[in-house]
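Asker: These are the residues of each chain, in order.
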Amino acid sequence: MKKDNNSNTRLLQGNEACVHGALYAGVRFFAGYPITPSTEIAEGMARELPKLGGKFIQMEDEIGSIAAVIGASNAGLKAMTATSGPGYSLMVENIGFGYMTETPCVIINVQRGGPSTGLPTKIGQADTMQTRWGPHGDNTAIAVAPSTVKECFEETVRAVNLAERFRTPVTVLSDEVLGHMREMMVMPGDGDLEVIDRHKPDVPSDWYKHFEITPSLVSAMASFGEGYRYNISGLTHDEDGFPTAKPAEIKAKLNKLRRKIERFADEIYKIETYKMDDAHIAVFSYGTVGRSAQQAIQIARQSRIKVGSIRPLTIWPFPDEKLREMLTGVRKVIVAELNMGQLIREVQRVAPRHTEVFPLQRYDGEVMTPQQILDRIREVK
Amino acid sequence: MQRISHDSEITHEYLRPKKKFPNVWCAGCGNGIIMGALIRAIHNLGLDKDEIAVVSGIGCSSRMPVYLDFCTLHTTHGRAIAFATGVKIAKPHMKVIVITGDGDALAIGGNHFIHASRRNIDMTVILVNNKIYGMTGGQAAPTTPSGAFATTAPYGNHEKQFDVVNLAVGAGASYVSRGTVYHVVQLEKLIQGAISKKGFAVVDVFSNCHTYYGRFNKEGDSVAMISWMKKHAMPIQAAKKLPPEKLADKFVTGLIHETDASEFTEEYQKLIDRLTKKEAAE
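For the protein sequence lines, the chains are A and H, in the order given. Under my numbering, the first residue of the first sequence carries the number 1, and numbering increases by one thereafter. Under my numbering, the first residue of the second sequence carries the number 382, and numbering increases by one thereafter.
No wet-lab data here; the hints were simulated from the structure. A couple of the hints might just be wrong.
Said to hold, decoys possible - With a straight-line cut-off of 30 angstroms between C-alpha atoms, the simulated DSSO-like cross-links for lysine-lysine are:
{"hint": "1", "chain 1": "A", "residue 1": "Lys246", "chain 2": "H", "residue 2": "Lys401"}
{"hint": "2", "chain 1": "H", "residue 1": "Lys658", "chain 2": "A", "residue 2": "Lys51"}
{"hint": "3", "chain 1": "H", "residue 1": "Lys651", "chain 2": "H", "residue 2": "Lys430"}
For clarity, every value in this text was computed on a predicted model and none was experimentally measured.
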């Protein structure tokens with residue numbers, strides 16, 4: 001990490017920016033396990049956290065890492081882990097536990113090529129659907145996706161904020177190229193970005209319900225060791241956290257979990273558009289692919305092709321209504337992704353009847369080039 | 382009978398006041414005895430209820446925290462110690478107690494068990510060892526003796542069993558003990574010692590699963606199985622004086638291993654102090 005003496009401009013890797021973003025957002029606990037291409041995040045946290053009074057632990061595996069993160073979060077610290085495909089697969093059961101127990105935490109997935117051990121040092125975006133549907137049982141995921149080093153910082157802050165705001169695990173979908181790429185960024189100063197802390201209870205201990213179903217749907221969250229005693233369980237539970245088999249309580253719990261995210265989705269959605277005002281063709285992409293899309297569009301515009309870019313920074317919940325609106329005047333949408341077709345199904349589901357959906361998929365471990373996108377734009381035009 | 386009524390008053394003070402009973406355990410199960418011993422140990426130490434976190438995994442014994450009036454965390458199968466690690470690091474002043482079964486701690490959770498031992502992180506693991514998977518209906522566990530029957534060992538178990546004590550000692554735990562649900566007074570003391578110990582403390586508690594293990598292996602009901610423990614337990618002090626052949630059908634109980642070693646959260650705090658002082662000096 002190079003520091004320019006008189007400014008707060010830095011040359012950072014995406015992974016390093018995630019570290020700084022996490023610290024900025026108040027993350028004070030990290031548990032992780034080495035895995036390419038995410039390891040720099042663990043290394044950065046190991047170096048920086050103790051300087052701030054925070055805690056780092058290298059666990060024996062990814063299962064233990066996410067478990068420790070959830071334990072620490074319930075004991076009051078903002079907590080995070082980072083991993084890649086195989087590690088994320090191992091974490092999935094406990095991410096489901098975090099979801100069920102409404103535990104705020106952040107998982108950064110620096111995606112590599114899959115399936116299985118796949119391509120540790122090459123790029124992929126094939127964990128997009130796993131992020132949505134990984135844990136067994138009905139669940140409602142939140143996932144954000146940066147495409148620049150600066151966004152790695154900002155989206156990590158946003159992920160921590162969303163986790164704390166909604167009491168739920170949030171995934172940051174980064175990738176190998178973004179994680180290792182270096183770019184200049186101006187470090188945000190104190191107060192430049194919003195930092196959200198979980199809502200703490202203000203009722204006496206006897207009245208406190210850890211999973212209370214309130215009108216806001218996100219209940220206040222006490223921490224262990226602060227005067228409140230309560231039960232947390234991955235078993236389907238009532239508002240007190242005690243296992244239940246009563247149909248009405250089961251349904252109320254599951255409704256709460258889904259609705260607390262669905263009802264406030266407008267706070268979660270974030271979509272960047274580029275030259276969409278008069279576009280007949282749109283390129284829909286996220287992460288590093290979005291960078292290539294923007295360049296391809298600049299070139300296509302020189303040949304007077306009316307094309308624009310739609311780039312979601314929130315992948316889950318999927319922005320159904322917003323995307324449908326954006327596609328109203330669009331005849332053709334190209335879904336460019338580094339997998340064999342994952343988000344394209346979502347776009348097909350949402351696209352208005354008059355909008356044709358075209359795939360552009362790459363899954364050979366290489367980045368999607370602007371030329372590829374440009375060629376596809378010319379093909380479908 | 383004075384002592385019993387006194388104990389039950391203490392017990393009620395530490396049980397959650399609403400909605401949890403009757404418990405899920407079979408009549409005659411050792412889990413209740415262990416829960417009573419744990420409560421009395423905590424009471425004897427005069428600990429503040431708010432300062433105790435009880436973490437468990439999955440299994441019959443792991444249902445214990447729900448009845449206890451502390452900060453309780455009932456987690457996923459095998460992972461209690463890993464969750465507890467996060468709790469302890471985040472709140473080092475808390476007493477962290479893990480309730481786990483033999484399958485939970487040694488099969489699916491074996492990795493976390495040995496690494497927490499190695500780190501010597503300050504927590505107490507009460508390992509309820511009934512030699513079988515009870516909640517799922519009597520399958521073989523890593524603690525099932527060779528030759529014993531279980532639903533997944535219908536012709537007799539052809540694997541060898543884990544010795545919890547040797548495993549924990551070998552991995553670096555600083556307090557390793559064994560008790561039984563018959564020797565209740567001893568059990569209470571062992572748990573008390575484990576909680577007081579700064580470091581990773583293990584109490585391997587022999588318990589009875591008459592519903593499955595006892596039935597499959599013709600060891601009788603709860604009383605018969607607990608009587609077997611009475612007959613075959615050998616306190617460590619006595620065992621040390623006996624030749625190996627006299628110990629053949631015995632198992633050793635008591636505080637088997639204790640050592641003073643550096644503890645994870647204390648060492649980490651030293652690191653924080655060193656780095657933050659350095660920053661302040663700069």
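Asker: If a hint holds in the structure, say so; if it does not, say that too.
Answerer: To see whether the hints hold, each was checked on the structure:
Taking the CA atoms of Lys246(A) and Lys401(H), the gap is near 14 angstroms; set against the 30 angstroms cutoff, the hint holds. Only pairs whose Cα atoms come within 30 angstroms are accepted, and Lys658(H) paired with Lys51(A) is accepted, the gap being roughly 9 angstroms. For the hint pairing Lys651(H) with Lys430(H), the CA-to-CA distance comes to about 27 angstroms; that is within 30 angstroms, so the pair holds.
Of the numbered hints stated above, none is contradicted by the structure.
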